[in-house]
Amino acid sequence: MIEANNLTKTFKDKKRGVVRAVDDVSFRCEPGKIYGLLGANGAGKTTTLRILATLLKPTEGSAVVAGHDVVSAGSKVRAQVGFLAASTALYGRLTAREMVTYFGQLNGMPDGQIKARMKQLADELGMHDFLDRRCDKFSTGMKQKTSIARTLVHDPAVMIFDEPTLGLDVMTARAIVRFVRDCRDRGKTVIYSSHVMSEIEKLCDKIGIIHDGKLVAEGTLSQLSERYGETDMEEIFVKAVGGEAALLAAAEKQA
Amino acid sequence: MMNWNAICTVYFKELKDSLRDKRTLITTIVIPTLVIPTLMFGAGFVMTKVISKAKNETSSMMILGGEASPKLVEAFKSNEDFRVIETTEDFKDKISNKEIRVAVDIPAGFDATLAAGEVPDVTIYHYQGEMKSSMGRGQVSGFLVDYRADLVEVAFKERGLPLSLAKPFVVVSENVAPPEKVGGNAIGGLVPYIIVLLCFTGAMYPAMDLTAGEKERGTMETLLCSPLDRVNIVMGKFLMTFTASVATMILSLTTLGISAMVAAKVLAGSVAGGGVGGMGAVLIDPMGLVGVFAMILPVAVLFSAVLLTVSLFAKSFKEAQSYVSPGMIIIIVPAVLGMLPGIDLNLSTVFVPILNLSLVCKEMLSGVWNWEYIALIFASSGVYAAIALWLCVKMFNREDVIFRA
Chain Z
1 MIEANNLTKT FKDKKRGVVR AVDDVSFRCE PGKIYGLLGA NGAGKTTTLR ILATLLKPTE
61 GSAVVAGHDV VSAGSKVRAQ VGFLAASTAL YGRLTAREMV TYFGQLNGMP DGQIKARMKQ
121 LADELGMHDF LDRRCDKFST GMKQKTSIAR TLVHDPAVMI FDEPTLGLDV MTARAIVRFV
181 RDCRDRGKTV IYSSHVMSEI EKLCDKIGII HDGKLVAEGT LSQLSERYGE TDMEEIFVKA
241 VGGEAALLAA AEKQA
Chain V
1 MMNWNAICTV YFKELKDSLR DKRTLITTIV IPTLVIPTLM FGAGFVMTKV ISKAKNETSS
61 MMILGGEASP KLVEAFKSNE DFRVIETTED FKDKISNKEI RVAVDIPAGF DATLAAGEVP
121 DVTIYHYQGE MKSSMGRGQV SGFLVDYRAD LVEVAFKERG LPLSLAKPFV VVSENVAPPE
181 KVGGNAIGGL VPYIIVLLCF TGAMYPAMDL TAGEKERGTM ETLLCSPLDR VNIVMGKFLM
241 TFTASVATMI LSLTTLGISA MVAAKVLAGS VAGGGVGGMG AVLIDPMGLV GVFAMILPVA
301 VLFSAVLLTV SLFAKSFKEA QSYVSPGMII IIVPAVLGML PGIDLNLSTV FVPILNLSLV
361 CKEMLSGVWN WEYIALIFAS SGVYAAIALW LCVKMFNRED VIFRA
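Protein chains in written order, with the working numbering: chain Z, 1 to 255; chain V, 1 to 405.
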C-alpha cells in the first residue's frame, strides 16, 4: 500500500530560482494493483518516486509506504520496497550472484535464506548461465534480469518502477512488462512510471497523469476515456495536461 | 544509527570490488611497491655510478704558459690524477664544451718571481656548476696548495726556521651524534614528507571511485535504495579508503626500507666512502618509525574523510580528480615547511595539521620523544579527523549533493 498526501518538493535552481518539481500530489496505490504515473520528461515522475523510495525528502506533505512514514521511518520503508529505475545500475566488477547476495546482506538476510532466494530467482528469471560472470560484461537483457533479482531478493511488498524500459530493446522491454504483471499477480503494490502511453495503457489498473509537478488527472482507463471523450491514451494525455501548448510551455520552462 | 554488521557488509564488498579494479591496484599497490623504490634506487644507482666514474677518471687539463717553470709542469704531468693535454688557443671553448675539465695559467717568469720573493697569481679556468669541471678545479687547487706547502717547507728548512711557525695549530673535527641521530636529521624531514604524500595518494583513488565513480556509474542510487542508514554506508566506504591509505603506506615504507638497505650494500661497494653511497648507510631508529606510523593514523583518517567528502560532491570521476588534485599541493606545503630548519614544534605549530606531523616525525626519527607534544598532536589530529568524518556523513545525507544534476 502506498499513500501519498499533498507531496510537494521544491529545489533551488541557479537559473530558474525555486522550482516546484512536485506540487501537492496525492494518490493511493492498492496491493495487487498497478498504478501508472504518466508524464512527459521532467514532469515530476522521478522526483515523486524517489520520495516514495525515501531517496529524497518531501518539502511538504507526507507519504506512507507499506505502513511506514517515508520521512520518519526511511529504513523501514526501504526494507519493504524494491526500487528499479533506469538510473539504478549494477556493480560492474561484481558477478550477478555477488550483486544479489550483497543486497540480500544489506537487507539483513541470513546466508542460507539468501542462497535459497538466489536459486529461486535464478530459476524464475533464467539467470543460471551468467550467474558467476561479471556484470560489466552483460548484455542489457542480462543486466535487467540481474537488477530485477536485486530488487526482489528481500521479497518486498511494494515495487517502484521508474521508467524501467527506457533505452531497452523490444524483447527486454517486454520481459520487464511481463515481470511487472507478475508482481501484481503476487499481490504486491506496484507503481510504474513511464512517458510511453502504450505501456501505461496496457499495464496499469489506475493511471495518474502528472504535468508540471501536479497530478492533473487520475482514474482507470475507462474513467479517463469517459471524462475526456477520447479512446486513445495519447489524446487523453494531451487533453488532460491542457493541450499541446501547455506541453510545449512546460518543456521550454525546463530548457 | 551505527550498525557494525552493516558497516562490515559494505566494507568487505568495497574491498572485494576495489581489489578487482586495476586502477586502484596500480595506485595503491604497484606504484608504491615497485615504481617508487625502483625510481629511488635507480636514480641513486645512476647518480653513484656517474659520480664514481667522474671521480675515478683523471682530470683532463691544459697548462697555459709554464715554459719557464719546468718543475711545476712536470709535477702536473707526473701526477696520475691529471691528464695534461696539448695546449690550444681555444681552451675556454674546450672547457665550455666539456672537452677538458680545467686549464691552469702559470704566468711567465713564475719561478723567477717566486725566487725574488714576490707573489705571482696562478689562475684556474673552470666552468662553475658543471660537476666534472668543479671536481677538476678542486683537484688542481688542492694540488697547488700542496705544492705551495712543499715550497714553504723547503724555504723554512733553508732558513733554519721551525715548521710550526707556518702552521701553529691543527684543526680537527669530531662528530658526537650517535649514528641514528645523524640519520634522523638527514632524512628525518624527508620521511614524513614521503609518508604524507603516500597517505594521501593511497586514499585518493578509492575515495573518488567509491563516491563520484559510483554516481557516474549509477550504482550510488542502487546502494541508497537498501535499508541501511546512510551513516553505515559512509563508514563502510570510509574504512575502505582508510585501508587503502594505510596499505599504501605500509607497503611503500617496507619496500623503501628494504631497497635502502640493499642500496646501501650495493652502492657502498661502488663508491669508497661518503658521497651518495653513504646516504643508504644511514641508520633509522626502528622505534622512531613505529612512532611515525602511529602519528600518521589520525592523519590518514583525516585524508580519507576529506577526500570522500570532496569527491562525493563531484558528478563524475573526472570532476572529482579536478577537485582532489590541488589538494596534493595543499598538503605538500606544510609537509615541506616541516623540513625547513628553524621551524620547530611549539605551542602554535603543534596545532597546524600536517606541519605538526612533519615536525614531530623529524624529532621522533632522531630519537627525541617529547611526550606532551606527541599527545597534543595525536589528540588534535584526532579531533580534525573526527570533524572531517562528521562532515562526510553530513554530506551523504544532503540530497542536493547526492543527486547533484
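Wrong hints could be hidden among the right ones.
Between beta-carbon pairs, the in silico distance windows are [what the hints assert, rightly or not]:
id	chain 1	residue 1	chain 2	residue 2	range
1	V	390	Z	115	51 to 59 Å
2	Z	5	V	394	38 to 46 Å
3	V	26	Z	8	42 to 50 Å
4	Z	15	V	394	24 to 32 Å
5	Z	30	V	400	28 to 36 Å
6	Z	8	V	379	45 to 53 Å
7	Z	13	V	316	15 to 23 Å
A few chain Z residues that don't get close to chain V, going by computed Cβ distances all over 12 Å [what the hints assert, rightly or not]:
id	residue
8	6
9	11
10	13
11	50
12	108
13	115
14	134
15	171
16	226
17	228
18	246
Incomplete in silico selection of chain V near chain Z, CB under 8 Å [stated by the list, open to error]:
id	residue
19	9
20	13
21	17
22	20
23	21
24	97
25	217
26	218
27	219
28	222
29	225
30	227
31	228
32	399
33	401
No lab work stands behind these hints, which were simulated from the structure alone. Predicted model, so just to flag it, every value in this text is computed and none were measured. Ideal Cβ positions, reconstructed from N, Cα and C, are used throughout, including at glycine.
Is the hinted range of 15 to 23 Å satisfied by the C-beta distance from residue 13/Z to residue 316/V?
-> holds (20 Å)
Holds or violated: is the Cβ of residue 97/V closer than 8 Å to a Cβ in chain Z?
-> The hint is violated - residue 97/V has no Cβ within 8 Å of chain Z, the shortest such distance being about 58 Å.
Supplied distance hint 38 to 46 Å, evaluated on CB atoms of residue 5/Z and residue 394/V = 29 Å Cβ-Cβ, so the 38 to 46 Å window is violated.
Status of the hint placing residue 9/V at chain Z (closest C-beta pair under 8 Å) = holds (5 Å)
Least C-beta distance between residue 115/Z and chain V, which was stated to exceed 12 Å = holds (16 Å)
Interface hint status, residue 21/V versus chain Z (Cβ within 8 Å) = holds (6 Å)
Hey, does residue 228/Z actually stay past 12 Å from chain V on C-beta?
-> Non-interface label stands for residue 228/Z: nearest chain V Cβ at 33 Å, farther than 12 Å.
Regarding the assertion that residue 246/Z does not contact chain V, is the least Cβ-Cβ distance greater than 12 Å?
-> With a cut-off of 12 Å, residue 246/Z remains clear of chain V, as the shortest Cβ separation is near 24 Å.
For the hint on residue 399/V, does the least C-beta distance to chain Z fall short of 8 Å?
-> holds (5 Å)
Verdict for residue 8/Z, residue 379/V (Cβ pair) under range 45 to 53 Å = Between residue 8/Z and residue 379/V, where Cβ atoms are some 46 Å apart, the hint holds.
Would the stated hint for residue 217/V survive a check requiring a Cβ distance to chain Z of less than 8 Å?
-> holds (6 Å)
Least C-beta distance between residue 226/Z and chain V, which was stated to exceed 12 Å | The claim holds: residue 226/Z sits with its nearest Cβ about 38 Å from chain V, beyond 12 Å.
When the structure is compared with the earlier hints, violations turn up for hints 1, 2, 9, 10, 11, 12, 14, 24 and 33 and for no others.
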